[in-house]
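Start counting the sequence shown at 1; every next residue gets the next number (full-length UniProt numbering).
Keep in mind that the hints were calculated from the coordinates and are not lab data. Glycine included, each C-beta is placed from N, C-alpha and C at the ideal position. Accuracy of the hints is not assured; some may be wrong.
Computed spacing ranges between beta-carbons, pair by pair [claimed, not checked]:
id, residue 1, residue 2, range
1, Ala666, Ala390, 50 to 60 Å
2, Glu528, Gly596, 36 to 46 Å
3, Trp217, Ser525, 29 to 39 Å
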Amino acid sequence: MIPAEIDVDRTLPSGGAVKHALESYAEAAVGTDAEITRFHRVFYPVFRLEYEYERSGRLPWGDGTARSVTLLDGLWADNHAALQQYRAGADDLETVSLRAYDFGRDRSGPGRSVLFDFQVPTQRAKRLLPERLGEIAESRAFDDPPSIASSFSERLAETFDLPADLEPDSFGGVVDVTRLYLPFWVCEVYRPDDRDLIGVVRDVEDARGDGESAHDWLSAFLREDKGRLSRFAHTATGRAAPSEPVRDGAGSSDGNDASGDGSTDSPDGSADGPADSSDRVGDGRSVPNPDQGSRSSEPVQPDGAELEARTLVDPSPDRCFGDVGGMVELERTLRRTIVDPVRRPEAFREYGLNPVSGVLLYGPPGCGKTYVAGALAGELDRSFLEVTPADLSSKYMGKPAENVRDVFSIAEANAPCLLFLDEIDAIASAREDRSSTSERGMVNQLLTELEDVSEEVLVLAATNLLEDVDDAIVRTGRFDERIEVPPPDPPARREILEIHLQGRPVCADVDLERVVERTAGYAASDLEYVATDAARRALGDGAEIDTEHLLASVSETDSSVPDWAGSALGTAKTITQPDGVELSARSLMTPSVDRGFDDVGGMDGLKDRLRERVIDPLENAQRYAEYGLGVTTGVVLYGPPGCGKTYVAGALTGELDCSFLEVTPADLTSKWMGKPAQNVSDLFEIARANAPCLVFLDEIDGIAGSRGEREGASQRQMVNQLLTELDGLTDEDVVVVAATNLLEDVDDAILRSGRFDERIEVPPPDAAARREILEVHLRDRPVADGLPWEAVVEYTDGYAASDLALLADNAARAAMRAGDRVRERHLLEAVSETGSSIDG
Numbered sequence: 001m002i003p004a005e006i007d008v009d010r011t012l013p014s015g016g017a018v019k020h021a022l023e024s025y026a027e028a029a030v031g032t033d034a035e036i037t038r039f040h041r042v043f044y045p046v047f048r049l050e051y052e053y054e055r056s057g058r059l060p061w062g063d064g065t066a067r068s069v070t071l072l073d074g075l076w077a078d079n080h081a082a083l084q085q086y087r088a089g090a091d092d093l094e095t096v097s098l099r100a101y102d103f104g105r106d107r108s109g110p111g112r113s114v115l116f117d118f119q120v121p122t123q124r125a126k127r128l129l130p131e132r133l134g135e136i137a138e139s140r141a142f143d144d145p146p147s148i149a150s151s152f153s154e155r156l157a158e159t160f161d162l163p164a165d166l167e168p169d170s171f172g173g174v175v176d177v178t179r180l181y182l183p184f185w186v187c188e189v190y191r192p193d194d195r196d197l198i199g200v201v202r203d204v205e206d207a208r209g210d211g212e213s214a215h216d217w218l219s220a221f222l223r224e225d226k227g228r229l230s231r232f233a234h235t236a237t238g239r240a241a242p243s244e245p246v247r248d249g250a251g252s253s254d255g256n257d258a259s260g261d262g263s264t265d266s267p268d269g270s271a272d273g274p275a276d277s278s279d280r281v282g283d284g285r286s287v288p289n290p291d292q293g294s295r296s297s298e299p300v301q302p303d304g305a306e307l308e309a310r311t312l313v314d315p316s317p318d319r320c321f322g323d324v325g326g327m328v329e330l331e332r333t334l335r336r337t338i339v340d341p342v343r344r345p346e347a348f349r350e351y352g353l354n355p356v357s358g359v360l361l362y363g364p365p366g367c368g369k370t371y372v373a374g375a376l377a378g379e380l381d382r383s384f385l386e387v388t389p390a391d392l393s394s395k396y397m398g399k400p401a402e403n404v405r406d407v408f409s410i411a412e413a414n415a416p417c418l419l420f421l422d423e424i425d426a427i428a429s430a431r432e433d434r435s436s437t438s439e440r441g442m443v444n445q446l447l448t449e450l451e452d453v454s455e456e457v458l459v460l461a462a463t464n465l466l467e468d469v470d471d472a473i474v475r476t477g478r479f480d481e482r483i484e485v486p487p488p489d490p491p492a493r494r495e496i497l498e499i500h501l502q503g504r505p506v507c508a509d510v511d512l513e514r515v516v517e518r519t520a521g522y523a524a525s526d527l528e529y530v531a532t533d534a535a536r537r538a539l540g541d542g543a544e545i546d547t548e549h550l551l552a553s554v555s556e557t558d559s560s561v562p563d564w565a566g567s568a569l570g571t572a573k574t575i576t577q578p579d580g581v582e583l584s585a586r587s588l589m590t591p592s593v594d595r596g597f598d599d600v601g602g603m604d605g606l607k608d609r610l611r612e613r614v615i616d617p618l619e620n621a622q623r624y625a626e627y628g629l630g631v632t633t634g635v636v637l638y639g640p641p642g643c644g645k646t647y648v649a650g651a652l653t654g655e656l657d658c659s660f661l662e663v664t665p666a667d668l669t670s671k672w673m674g675k676p677a678q679n680v681s682d683l684f685e686i687a688r689a690n691a692p693c694l695v696f697l698d699e700i701d702g703i704a705g706s707r708g709e710r711e712g713a714s715q716r717q718m719v720n721q722l723l724t725e726l727d728g729l730t731d732e733d734v735v736v737v738a739a740t741n742l743l744e745d746v747d748d749a750i751l752r753s754g755r756f757d758e759r760i761e762v763p764p765p766d767a768a769a770r771r772e773i774l775e776v777h778l779r780d781r782p783v784a785d786g787l788p789w790e791a792v793v794e795y796t797d798g799y800a801a802s803d804l805a806l807l808a809d810n811a812a813r814a815a816m817r818a819g820d821r822v823r824e825r826h827l828l829e830a831v832s833e834t835g836s837s838i839d840g
């Protein structure tokens, strides 16, 4: 929420006076065609750090304790050095009221005044200088190359304008941290024949100058990315309680506004005007306040709880969204779905919307779910209670349920609180899969607690496998939002690398773009390891970290989530999770299949028919349309089990170069009324969102058997929904392939023309196919040269492809026992031990 008052290092002249001066001198400075298009008062956030140190004694005034001040960039955008010129003014601050300013409360963009948001908590800023000086002192103590330590020390001193007599090991600590704002007038000038000009001034004399300005650093910062003006600005509406103003610094209000002359000037000299009668102010991006005011710095231990609050609760998490590298879309989603409803529950209730009560984060391991949860707690200024399965489990009957009760009791005692349940799939997996009464009791207790949790406790959970979580846990009302935390995208990977390289000696010309390109699909934890390993390599070479050190580390570091959909390198297809869809696209979909018809042993007739009836019409749709022939959108593969229907469907996907969405009856059925039909709807929504796509319905007789034989209304609804979805695919780039062992068990309406135009048998492999399949399964095993295949192929007539795979394994075991290569006798021995699974 925008604070009612802030501290500034100075007040600005009126906007009318500054604009008049700019217009008077604009013709000489930028040409007669120049036009002022935007004019803003911008408040830039700054941390003022006062610290003490022991003088080294090398200078005339001798030894003793001294104090000094430095300024840190509140946006954490590496503008620290440029800010040091404003240090003198930061010693005498003025308190100003923001109530009369236009911060864009009536529109989505910034208003005539822009308040930039602090991007890191105070505690993070307080630690920066001590940590950097400590690293230099430690580096010297361990005899690291002196040239590197010296270079790093000089760079640090230059960035923060440290005193010449301050040695890293003489630093005494930070005495005080104050938040303040530096106000500027920012003017954007349009020029027809050149790029736009962004000028920054603080007084009338700045506006009249035609040379370099001391504030050019801010001009360059905003010109580099014009979106920064909106990205860092408060814009949303909200209400600040007059009796409890949100303050960023010390001091009391003197009733002055930020312009210093009692007015709030717009570009034409008119006043912004006072706030409306409701005294509304913006409440967009928060100003994190880890100091937490009157909140206790120690966790509260509730009576009767055996779990210890002090081991589970962080009363004052010192991170916020500014600490999360990249993940812009994720941050935007979290702000829209969680932060805004929590901050403005009354406004949401006015529209009949309840504040979010639970959020489920899902995605591959190592991609920052726990870190994001902690940042969200810091952003909301709440205690952070983190719980893992180890905190709840116990060998004693009934104890896990008691531990769950204790956790929620601790959360209530430390409210407002964010309760984070890590690895919830291990805490609350499907109850029917549990054999332990104690564990079922734990899940039931968790369900009860989630129903009764107060609004002061926001529950977050995290899982790598969304489908492994109990259905009752994830249903609406307990976890209202499910948000994916995917592997970091390119901008996020760059920011993560920069974060982990910060404070280390890095070459000025390091090419992070090459590293970002090579680390597609890496988790955040992988990138942290890459940075650390590159630092070790550079230390061993006695040099600064350069591009080659980073690339060498990447080449020896594999992604920890290689199988996560969409995480393959470079040209990988991404997976889209449609809004409002509960089925997980990433758990069901493979974005690309690395096999084609050449990988299918034999079955030449089957492959030719699929090419003719499916592939060719899709690749030459216009030609087929000329002859009044449509595209085949549905195919049923039928035949005995184990003969390769699933494998053939995957190969067809590879030939079409599209996504592969595979489901079984277990993915769609549910004990909840209406849920199977909803799952079918979600399935095709995912397919359309990721088109071109091949949907493979395995065991379709288990999904859409004859409706006359089904007694459950929910199952009949599922079949009807499937019929509806199949009818609606005429204009979609979606092909549906179904498989069944018993064609007669599939509902007649599913099979009729227009839904599945082709029914193709996948019989047991013929002689040529059987030989190819055996060769494939023996390819990487020691096989005798010149092995005669005729007898083996003859004796395996009627075997399924899966039977041949088992036969190859049994032959290899026989050869291993004999200490020999795989020979004909081993294969024939395996034939006698391995019967056909489809015979008779």
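Status of the hints after comparison with the structure:
Checked against the given bound of 50 to 60 Å, the beta carbons of alanine 666 and alanine 390, roughly 29 Å apart, lie outside it. The supplied range of 36 to 46 Å is met by glutamate 528 and glycine 596, whose beta-carbon atoms lie about 38 Å from each other. Taking 29 to 39 Å as the suggested C-beta distance range, the pair tryptophan 217 and serine 525 conforms, at roughly 35 Å.
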